[in-house]
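Number of protein chains: 2
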Amino acid sequence: MNAIRNVAIVGAGLVGQGWAIVFARAGMDVTVYDARENAEAVIGAQIDKAVGDLAAGGLCGDVSLVLSRIRFARSLSEAVSGCDYVQESAFERIDVKREVSLAIDAVLPAHAIVGSSTSGFPGSAFYEECGNRERLMVVHPVNPPHLVPLVEIVPTPWTAPQAASRVRRLMEDVGQSAVSLSREIPGFVLNRLQGALLDEAFALFAEGYATAEDIDRTVRDGLGLRWSFMGPFETIDLNAPKGLADYAERLGPMYAGFADQRRADRGWAPDAVTRADAERRELLAEQDLDARRSWRDEMLMRIVRAKQAVAD
Amino acid sequence: MNAIRNVAIVGAGLVGQGWAIVFARAGMDVTVYDARENAEAVIGAQIDKAVGDLAAGGLCGDVSLVLSRIRFARSLSEAVSGCDYVQESAFERIDVKREVSLAIDAVLPAHAIVGSSTSGFPGSAFYEECGNRERLMVVHPVNPPHLVPLVEIVPTPWTAPQAASRVRRLMEDVGQSAVSLSREIPGFVLNRLQGALLDEAFALFAEGYATAEDIDRTVRDGLGLRWSFMGPFETIDLNAPKGLADYAERLGPMYAGFADQRRADRGWAPDAVTRADAERRELLAEQDLDARRSWRDEMLMRIVRAKQAVAD
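These protein sequences, in sequence, are chains A and B.
All the letters of the first sequence, read from the start, carry residue numbers 1 to 312 under this note's numbering.
All the letters of the second sequence, read from the start, carry residue numbers 1 to 312 under this note's numbering.
In case anyone wonders, no lab produced these hints; they're calculated from the structure.
Glycine is no exception: its CB is placed at the ideal position from the N, C-alpha and C atoms.
Mixed in with the good hints, there may be bad ones.
Derived CB-CB ranges, DEER-like [stated by the list, open to error]:
(1) B/Ala291 x A/Asp271: 45 to 51 Å
(2) A/Glu40 x B/Ser165: 55 to 61 Å
(3) A/Glu40 x B/Ala278: 31 to 37 Å
(4) B/Pro186 x A/Val42: 30 to 36 Å
(5) B/Ala291 x A/Ala41: 33 to 39 Å
(6) A/Ala106 x B/Ala278: 29 to 35 Å
(7) B/Arg74 x A/Arg305: 45 to 51 Å
(8) A/Pro161 x B/Lys49: 45 to 51 Å
(9) A/Gly58 x B/Pro241: 25 to 31 Å
(10) B/Arg71 x A/Thr274: 49 to 55 Å
(11) A/Phe91 x B/Pro253: 51 to 57 Å
Extracted from the complex, chain A is given alone in its bound form (with noise of 0.2 Å):
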């Protein structure tokens, strides 16, 4: 089998931007289609900039030799046909998802994998009619890709398991920290680690325990500390004196009756979520979104590089 060089990314918003920042970083030639109108100008300057941020934050060597690796295509056919691997990263609706899949398909070369970027719909839904779905798989990025490098690949039920551990491979390859799934489930692992954690922190708003922000204050100067750099596993196998087996033993029971309060009311009430959403408005006006994002992304850029200092 062919190493990968050469990976198509087909619908370039900002996780398809991501994803060819990705791979042209860790030395692919990359092909871009986009079907929107004036797609390499606008497109082309998103990338630009994105590189040029990424240098800034000590994140990215040779910007040119970077940009130098993506080129844009005029068609889905010329991106497709000579690549080796292609990340679909169109519009997240199902009819959009299941069109791009087929037109893929049709044209795909008789090695190459595909990943969808999709983090709503499992493959099984807009993959069933391709005659190549045992090399499509979900392949699920965090955005932005080229700042958060957790990865889920997500087989459908035809998928070859050599396909998904290709995928694995070739993420590892490309920097990116990649987590396999043995089958599909709705929100995969990370979004629902996330509405696991969000329910309860709307519970407790809602039942008036703790503003928002002394909510968020915990998580991010308590919880989050550890987990930015150890999984919960590890860090309750670290927090007992013989590991896991050990805490559950000592903690679990008090764990399971916080779960049992919870079984009936789970869920974010609407009012909570108005009054969540007046709390942050407090802190941080509408029109202040944006600036607040860059500021996230600069903190993102300083993490990873904590991160990466220390060797594990």
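We have chain A already, so just place chain B on it with the hints.
For chain B alone, coordinates are given in the frame of chain A:
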């Protein structure tokens, strides 16, 4: 009301030692009392080492100045009688908490406030018979408090709001990050949020969707990168064009779907605990847990410094 200058630490295991460092580093005079044999020699040496590690990690200036502010008392009454604030960090057993609280209460100066480090008990379970119970509350740190700044302030039904506010200011003055609960709830905020995420992590693992290591990876290379400097509400607030309410409208139904599926089957399945522990022990032998805890503290210092480097 006098400013808080003199702090008594009652019970000086790892948590009490961390508290002594927090207050001494901030310029306060700290008196430590611990009932164990040879308390001063053993505990003094442990504090010396921890402050040295902090300085090596760039998070503490003049080691000898900090250490010079910590002294040991030979009795609880000697420690408490001259202080403005008591941080009780006695052994985590309800009868011990009750006994120590009554002993502190009996010699507490008329203006002084007491915070208990308990993580597992509401203050109402051990403060009821204290004469000064309007000045007693739970002040729950994360371990170790000199590295992780988060502190939960939890009033009992008898705690005066002004006493709780005063402790919040004290915590902010000494560089901790304080959250104020309106009333008691099992697990407070931090462990409830951690428990919600762990429940989902154990469920995904028990059902075979991913390995424990891949679930950990999803947090440390995905969710946790953001959560180390933004909480869950700020994260979703920045992830929709118009903020939190906009995000809830777009994605709330998807998250509600995950929650529905879990209502019947939360909790940590015993078999999943056994298998997750086995997976952790393959990654890290039990005799290597201590070395990995040192690595964790090194990483915590780096992330704390990375956060400090950007003003928000």
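**Q.** Consistency of beta-carbon spacing, B/Pro253 to A/Phe91, with hint 51 to 57 Å
**A.** With a Cβ separation near 19 Å, A/Phe91 and B/Pro253 fall outside 51 to 57 Å, so the hint is violated.
Q) Falls inside 49 to 55 Å, the C-beta gap from B/Arg71 to A/Thr274? A) Check passed, 52 Å falls within 49 to 55 Å.
**Q.** Range hint compliance [Cβ, A/Gly58 to B/Pro241, 25 to 31 Å]
**A.** 29 Å Cβ-Cβ, so the 25 to 31 Å window holds.
Q. Do B/Ala291 and A/Ala41 keep their Cβ atoms within the hinted range of 33 to 39 Å?
A. The hinted range 33 to 39 Å is violated for B/Ala291 and A/Ala41, with Cβ atoms some 54 Å apart.
**Q.** Range hint 29 to 35 Å (beta carbons of A/Ala106 and B/Ala278) holds or violated
**A.** Once the Cβ atoms are compared, 46 Å apart, the range 29 to 35 Å for B/Ala278 and A/Ala106 is violated.
Q) So does B/Arg74 sit 45 to 51 Å from A/Arg305, Cβ to Cβ? A) holds (48 Å)
**Q.** Verdict for A/Pro161, B/Lys49 (Cβ pair) under range 45 to 51 Å
**A.** holds (50 Å)
Q.
Taking the Cβ atom of B/Pro186 and the Cβ atom of A/Val42, is their distance within the range 30 to 36 Å?
A. violated (53 Å)
(Q) Is 55 to 61 Å respected by the C-beta to C-beta distance linking A/Glu40 and B/Ser165? (A) holds (59 Å)
Q.
Between the beta carbons of A/Glu40 and B/Ala278, is the distance compatible with 31 to 37 Å?
A. Distance hint for A/Glu40, B/Ala278 is violated at roughly 53 Å.
Q.
Given the hint of 45 to 51 Å, is the C-beta distance from B/Ala291 to A/Asp271 inside that range or not?
A. Holds, since B/Ala291 and A/Asp271 (Cβ atoms, about 49 Å apart) stay within the stated range.
Of the numbered hints given earlier, the model fails hints 3, 4, 5, 6 and 11; all others are met.
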